[in-house]
Amino acid sequence: MGPVELLHMSVFSQSFSPCGRFLAAGNSYGEIAVFSLSAALSPDATALSQKPVLTFTAHEGPVFSLLSTDCHLMSAGNGEISCWSWSDLTKKNVKPLWTKRPNYKSSLEIPEINAMVLNTRDNSLVVGGGDNNIHILDLEHGIFKTVLQGHSDYVHCLSLREREAEILSGGEDGAVRMWDSRTGQSVHCVEIYKYESCARPQYGKWISCLTTDSDWMLCGGGPSLSLWHLRSLSPTSIFTLTGCQRQTSFYQDMILAVGEGPSVAHCLLGGEVKAQIPCTPQSLNTLQLNTNSAEHRMLTVGGSSNHIDVFTNLSYRAFSLSF
Amino acid sequence: MGAVTDDEVIRKRLLIDGDGAGDDRRINVLLKSFTKWCNSPGTPEEGFTQYQRVMATLGQCEFSMGKTLMVYDMNLREMENYEKIYTNIEQNITSAHEKIAECKKEIQRAKRVRKNRQEYDALAKVIQQHPDRHETLKQLEALDKELQQLSQIKENVDAKLELRKKQFHVLLSTIQELQQTLENDEKSDNDDNNQESPAQTGE
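Protein chains in written order, with this note's numbering: chain R, 1 to 323; chain P, 1 to 203.
Treat the hints as calculated values from the structure; they're not laboratory data. Quick caveat, the model's predicted, so the values are computed rather than measured. Treat each hint with caution, since some may be false.
[To be verified] Simulated crosslink set (DSS-like; lysine-lysine; CA at most 27 Å straight-line):
{"id": "1", "chain 1": "R", "residue 1": "Lys274", "chain 2": "P", "residue 2": "Lys125"}
{"id": "2", "chain 1": "R", "residue 1": "Lys274", "chain 2": "P", "residue 2": "Lys36"}
{"id": "3", "chain 1": "R", "residue 1": "Lys274", "chain 2": "P", "residue 2": "Lys104"}
[Said to hold, decoys possible] Counterexamples of contact, computed for chain P against chain R with all Cβ distances above 10 Å:
{"id": "4", "residue": "Trp37"}
{"id": "5", "residue": "Tyr51"}
{"id": "6", "residue": "Tyr82"}
{"id": "7", "residue": "Lys104"}
{"id": "8", "residue": "Glu119"}
{"id": "9", "residue": "Asp121"}
{"id": "10", "residue": "Leu123"}
{"id": "11", "residue": "Lys125"}
{"id": "12", "residue": "Pro131"}
{"id": "13", "residue": "Val157"}
{"id": "14", "residue": "Lys166"}
Don't be surprised by glycine CBs; every beta carbon is placed ideally from N, CA and C.
If we strip away everything but chain R, and leave its shape as in the complex, we get (with noise of 0.2 Å):
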């Protein structure tokens, strides 16, 4: 890969292994990188180490979304879902074991996918994407079998609220609606820009990034990123922060949010910002915590540059993973 298209690549996603010691992460031009975790955090560790251990291209179009289930790596691409197996990438086989198409209405347009989660309650992954509309496949049986239809422009993050069996999506056209997995039924809609303490007009009322730990939920985009209390749905904090976040995490009593501009920025729930953790990427997409493993825990973030930041401890970066 040339110099130019290292300058020019984002990534969009990442996803850590179910054992911890694989980070994969797909960027702007349909490639997936697997890197060793073990190899990199080991003392002896060289630059070579930080290299990824296979890349291979997996769609023609961004790799938006990946998301991993007990061994599967699930991938999407351009309006289509590919799952690979982790055992078979660690031995640097690129076979996908398949790959699916949700049924759009019009076979003219093929609409990019943006956010997938994995429900385990019912085995199914929901994947929402360009055509405005939520698809659930079963995983066990293979086939889409529900659509949530809803939003009026397209979803760009979803979330799940484990407690309620609940589907939470965010979308351009400024609404998070909540779904009942269940019925198939949107339970309730909020317009975030239509509240005054969250709007902010200049930047538009697309939600860009949705976290949720069943009480509580974290949005924002082009309203600043707002702490929502979900059963009397009312803003309790507001987290002023310049630019758009792109994605949040809770973390133990801390909240993580990144997007542009190059930090991280922790937070605390009462809505005040405690620090900025500066990182190589002019503006970040994603951030991913591993907690499947115990000596791999790390933080790692990637977005506009083939670097992706590696923290060991929250408060600086340790070192950088290249594509």
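Given chain R's structure and the hints, the job is docking chain P onto it.
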């Protein structure tokens, strides 16, 4: 030449250093002087001086031996001491490890508590924005009372209005009837008069 010099050197070394070094030398010298004293044919004073010398050397040897024994005891006790310190430090290390694990658990607990407190604070902020329930209830009660009073007044006014209407109706109908009766009477009077006058002219 070298061999002769070697022999010379060896002889000289043996002469000077033949007894060994230090304590060993002292014991050898003691033995030699003892045998010399036993076999010496000299005067009793000389014999006594030699005897004194032998005793002195013996004393020196005993002293040196005593010192070495004490040093040996001391080394043994130092070893014990070090063993004790070593086990002590090991215990400290394990207890420090345990304390670290405990503290880590404490930190996790404290983080959870902090998270809960912050969630509570966030919710409390939202709740504070809404007015107090008691006040709202009181306002509702006051409004209810006002409503009741006003409807009572309305009823009273309606009843009064009805009564007045009925009374006016009664009055007006009586007046009308009287008018009618008067008209009828007038009419019948006129008729009577008209009937009488033609009867009178006819006669």
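Here's how the hints hold up against the structure:
Our distance criterion of 27 Å between C-alpha atoms is met by Lys274 (chain R) and Lys125 (chain P), whose separation comes to about 20 Å. A hinted pair counts as satisfied when its Cα atoms are at most 27 Å apart, and Lys274 (chain R) with Lys36 (chain P) does not qualify at roughly 96 Å. Note on Lys274 (chain R) and Lys104 (chain P): the hinted pairing holds, with a Cα-Cα distance of about 22 Å set against a maximum of 27 Å. With a closest Cβ-Cβ approach of about 74 Å to chain R, Trp37 (chain P) is found to remain outside the 10 Å limit, as its non-interface label requires.
Against the 10 Å criterion, Tyr51 (chain P) stays outside the reach of chain R, whose nearest CB is about 75 Å from its own CB. At roughly 32 Å, the least C-beta separation between Tyr82 (chain P) and chain R is larger than 10 Å, which holds for a residue marked as non-interface. Here Lys104 (chain P) stays apart from chain R, with its beta-carbon at least about 12 Å from theirs, past the 10 Å limit. With 10 Å as the threshold on Cβ separation, the claim that Glu119 (chain P) sits away from chain R is violated: the shortest Cβ distance comes to roughly 6 Å.
In this structure Asp121 (chain P) is not separated from chain R by more than 10 Å, as the shortest Cβ-Cβ distance comes to only about 6 Å. Remark: the non-interface label on Leu123 (chain P) conflicts with the geometry, its nearest Cβ contact in chain R lying 6 Å away (cut-off 10 Å). A Cβ of chain R approaches the Cβ of Lys125 (chain P) within 10 Å, the least distance being about 6 Å, so the stated non-interface status is violated. No beta-carbon of chain R comes within 10 Å of the beta-carbon of Pro131 (chain P); the shortest separation is about 15 Å.
Against chain R, the non-interface label of Val157 (chain P) holds: every CB pair exceeds 10 Å, the least being about 46 Å. With a least beta-carbon separation of about 58 Å from chain R, Lys166 (chain P) lies farther than 10 Å from that chain, consistent with its non-interface assignment.
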